[in-house]
Amino acid sequence: MLKEYLTVELTSSKGRGVFTKEAIDEDTIIEIAPVIVMSADDRTHIDKTLLHDYIFEWGPEKTECCMALGLIPIYNHSYSSNSDYFMDFEEQMIVIKTVRAINAGEEITINYNGDWNDEKKLWFEAE
Numbered sequence: 770m771l772k773e774y775l776t777v778e779l780t781s782s783k784g785r786g787v788f789t790k791e792a793i794d795e796d797t798i799i800e801i802a803p804v805i806v807m808s809a810d811d812r813t814h815i816d817k818t819l820l821h822d823y824i825f826e827w828g829p830e831k832t833e834c835c836m837a838l839g840l841i842p843i844y845n846h847s848y849s850s851n852s853d854y855f856m857d858f859e860e861q862m863i864v865i866k867t868v869r870a871i872n873a874g875e876e877i878t879i880n881y882n883g884d885w886n887d888e889k890k891l892w893f894e895a896e
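Residue numbers (this note's numbering): 770 to 896.
Rather than coming from a laboratory, the hints here were simulated on the basis of the structure.
Where hints are given, some of them may not hold.
[What the hints assert, rightly or not] Mimicking EDC-like on lysine to aspartate or glutamate, the simulated pairs with C-alpha atoms at most 16 Å apart in a straight line are: (1) Lys783 - Asp822; (2) Lys790 - Glu876; (3) Lys831 - Asp857; (4) Lys783 - Glu875; (5) Lys790 - Asp810; (6) Lys790 - Glu773; (7) Lys866 - Asp794; (8) Lys831 - Asp811; (9) Lys790 - Glu778.
Produce the entire structure from the sequences given, and follow the hints as far as they go.
This is the structure in structure tokens:
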């Protein structure tokens, strides 16, 4: 499930990002996307490629990884993100849900640390 008001646009500093053409209320699910689950061995190879920046740790013990489909790989990081993501290991899905109201034209961001308000340093310089 992907909301029709989501769009992919170029940002001024982060490459592509996901934006909304309409205002979105707080606590709105805006995307539910399937994932392709891969083993720890697969991740060893993926970590040597550009795809490293687009995969998620996966599973209760984070021993696997996954490539999310849909727009999930395009959401940019922010330490003050306006959305959060949730992993459904049983259904092999990732859900994006807003944590505050988002204005039309605003970029939709998630926190790559897993919690929308987590300020731990990432593997790259981030805002």
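- [ ] May I ask which of the numbered hints given earlier this structure violates, with the numbers listed in increasing order?
- [x] Hint 5 alone not satisfied by this model.
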